[in-house]
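Student: Sequence:
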Amino acid sequence: MTVFTRLCILGLLLGISSTSRGQSELLPDTGVGGVYEVMIGTDDSESLLKYLAQFGFREIDKGQIGREKALALYGVDSGLTSYRLQNAEVDSHGLIRVLAWETLLGTGVGYAQPETVGQRMMVMRTEDVFRIHDAFADARKAGQKWLPTAPVYADLYAMTEGKPDVLNRRTGVREMAVYGELFNLVLFQRYGYTIKGYGSISPDSPLRTSEITHNDFMLAGNSKADMHRQTDYYRDVFGLKPEGPVVLDGDWQDGPKVVFNMADGSSHYYRGFVSPNNISGKLKFFVNPDQRPDRSAAQQPGYGGITMHSLFADKPELVKQLAEEHGIITTDVQKNEFGENSFVLRGPDGSSWQILPKPKLTTPEVTELTFETTAH
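All the letters of the sequence shown, read from the start, carry residue numbers -22 to -1, 1 to 354 under mature numbering (1 follows the signal peptide of the UniProt record, and there is no 0).
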């Protein structure tokens, strides 16, 4: 069997996710796509916009609401100016919204050690992971609050055949993390393969980085039961597909050990979700069986840092109905700062979500996960 054939089969397998209820067709048909926006709170939008521009994100929309409307929708008694940012032409997932609050409630989770409960991380593909590592290592030496981890290689899908050498080059990714005060990043560089619709890099991006391909969430708890209790609503309310059962990962895996700065002997439970309507914009959740620092109280709208995300849906009214049936409180449907009908909910995992109607897209959602090998 050739590598390409094996990758195609793997793509099909990864596209068919099991659920604890048995069949993926039992998922509610909400039309929810992958994560649409990562929302970052700040009281210094000018500096944040300059940083995000280095990753190729440009402003495509700007909106404002006053204190009264912000309180009704976000629960924050502060005026709000928002900037919607897009990377290149990708508009179906992986955007960023900067939430510039007139009165910030607090610094948020802030600069913290990896795997602090409440941390959120956004993930991008890059063409040169070492270039980014050097940039943030230089910033750290200059006294800035950045913690870059060393790039580490991982053959995520066991794609390398035989013993790699110059003629039989390895296939996989090299990844790293950057922990900061306002946002945390994971960046990966592919070797030997591509995935259409999953990490598109524009030459206009100074750091040669893509849209947000997936998102990591550090949750409270210490067991599989805690993971299910907090994340089942992604399946039952949003209609997202679990990629598989909850599994225990740990320091024996090179990638997680370095990216999450895991001490010897440590581990975490992992669960992933993907939209049946988009292979990108995935969600990944982590629960540690051992105690970790907990700053989740500051992981909510009105604070600094990654405090919210948005999803769009073909049937937002169904999402609202399902949320209420599962005991999740939602706001009333109302116009957000961009004039979009929306509502906000906070799940049992402490994550806040704004649900939007599906916009008119110029780049279609990719629903089939396919791998193509490359010569490099």
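One or more of the hints may lead you astray.
BS3-like, lysine-lysine: derived pairs with alpha carbons at most 30 Å apart [stated by the list, open to error]: (1) 47 with 313; (2) 119 with 141; (3) 202 with 141; (4) 313 with 40; (5) 174 with 293; (6) 174 with 123; (7) 40 with 235.
Calculated from the structure, these hints are not laboratory results. Since this is a predicted model, take the numbers as computed values, not measurements.
Student: Hint by hint, note whether the structure agrees.
Tutor: Here is what the structure says about each hint:
no.	hint	result
1	47 with 313	holds (9 Å)
2	119 with 141	violated (38 Å)
3	202 with 141	violated (37 Å)
4	313 with 40	holds (14 Å)
5	174 with 293	holds (26 Å)
6	174 with 123	violated (35 Å)
7	40 with 235	violated (39 Å)
The structure fails to meet hints 2, 3, 6, 7 from the earlier list, while all remaining hints are met.
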